[in-house]
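Participant: Just so we're aligned, residue 1 is where the sequence shown starts under full-length UniProt numbering, counting upward by one.
The reader is advised that the hints may include incorrect statements.
As the list claims (entries may be wrong) - Heads up, simulated BS3-like pairs for lysine-lysine below, C-alpha to C-alpha not over 25 Å straight-line:
hint, residue 1, residue 2
1, LYS194, LYS139
2, LYS171, LYS139
3, LYS182, LYS171
4, LYS198, LYS137
5, LYS90, LYS259
Stated by the list, open to error - Each pair of labels, with its calculated beta carbon distance range:
hint, residue 1, residue 2, range
6, GLN10, GLU329, 20 to 28 Å
7, GLN10, SER340, 35 to 43 Å
8, ASP328, ILE214, 14 to 22 Å
9, GLN261, ASP146, 50 to 58 Å
10, ASP285, PHE149, 43 to 51 Å
11, VAL92, GLY174, 34 to 42 Å
12, PRO262, LYS139, 50 to 58 Å
13, ASP143, GLN261, 48 to 56 Å
14, GLN342, PRO262, 38 to 46 Å
15, GLU282, ASP178, 35 to 43 Å
16, GLY188, GLN10, 39 to 47 Å
17, GLU213, VAL152, 28 to 36 Å
18, PHE149, ASP328, 37 to 45 Å
No lab work stands behind these hints, which were simulated from the structure alone. This structure is a prediction, so every number in the text was calculated from the model and none was measured. Idealized CB from N, CA, C, for every residue including glycine.
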Amino acid sequence: MCRFLIYSGQSPILLSHLITSPTHSILTQSYDSRLRLDTTRPHNGDGFGVGYYTAGKQDDDGVDLGPEPCIFTSTIPAWNCRNLERLASKTVSPLIFAHVRASTEGALSDSNCHPFARGALMWMHNGGIGGWKLGVKRKLVSDVADKWFNVVQGSTDSEWAFALFLDSLEKYGGVNPDDEAKQRDGFGHTVLRKAMLKTIERINSYISSLPAEIREGEDVRSLLNFAITDGKSVVCTRYVSSQTDEAASLFFSSGTDWKPQPGGDGVVGAKPKVGKGEYKMERRDKGADIVLVASEPLTFERDNWVTVPTNSVLTIHNQNVLIHPILDEHYNSMSSFKRSEQFAAAKGQTTGDGIAEKNSTKAAIARDSSVEHLANGMSAVAVGAA
1 MCRFLIYSGQ SPILLSHLIT SPTHSILTQS YDSRLRLDTT RPHNGDGFGV GYYTAGKQDD
61 DGVDLGPEPC IFTSTIPAWN CRNLERLASK TVSPLIFAHV RASTEGALSD SNCHPFARGA
121 LMWMHNGGIG GWKLGVKRKL VSDVADKWFN VVQGSTDSEW AFALFLDSLE KYGGVNPDDE
181 AKQRDGFGHT VLRKAMLKTI ERINSYISSL PAEIREGEDV RSLLNFAITD GKSVVCTRYV
241 SSQTDEAASL FFSSGTDWKP QPGGDGVVGA KPKVGKGEYK MERRDKGADI VLVASEPLTF
301 ERDNWVTVPT NSVLTIHNQN VLIHPILDEH YNSMSSFKRS EQFAAAKGQT TGDGIAEKNS
361 TKAAIARDSS VEHLANGMSA VAVGAA
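My request is simple: use the sequences and hints to build the entire structure.
Facilitator: Encoded structure:
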């Protein structure tokens, strides 16, 4: 399975503060994933990708750089790419996607490296679509409109899921994904969330329509940790198509500053002894200038990270974090029910509760936050605005 990272901030950040410098940066996770149990394929070394936005910036000649993200991908393992370190040390952005790949579907090629983009929209995935080679791929491919069929350049289930998202955004969100005004001004977090939920619903319907002998004789469960952004808002999911199993790990952290901690000699700003440094999410007030979402925490500060609940959708809008339960046939309303980790473990994943924050102060605040009832009848915990 893969690993991904999202940064959304009021101010731009140097990519190296996320990708290369932290002790457990996403580059480190490509060869030392603490929540990966796959002993046969222990590395996320099948390529990587970084996507970031420069919207609002102009070059020296005053040329508008446009709303589309800049995306850099490579099939070189992230830990062995000098160009990634060079890029990360000289590039800043207020919204960043990063992904390291352990392939389950699709060959080793640039076209199969995440993130994927269409205009201002950027997408990535950790997990896999159940029953993909048992008939689900054929159903999905035949269900999307021709123009989204032609968007797909690679062979991964993840990119086909992106095509399905674009199709859902147009068919059920009533929005043309190629609309230039929407590309520049944003589609709106509620529209993106609706299309995301519809994408998952459609994937589940393809699996449900498989012949009974396949559904009963094969493992057709999906792990769908998806992420989408339009450069303004971010929507991501932690999801498994099961009422009893745990999903692949996902965490978030929010605060006012993401800062390196004292180096090996105890002086703030000093270089750490082994080339990597400890970072900490600081919180000076109740607001959130920075939100991080990650498959694995970038630090081992327990109070910095909160586990995203299984089968929920997380939305970042104006630096507020909203968490909605995904109310479908796989939703389990029993809050005390302990989901099994066996399925995620079989896919090389863990839930990560041991690393994160079950007993942390911040987790308690998140659990006890007031519940906002939204117009669609679902509930959301406004963590970032607490």
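Participant: Which earlier hints can't be squared with this structure?
Facilitator: 6, 16, 18
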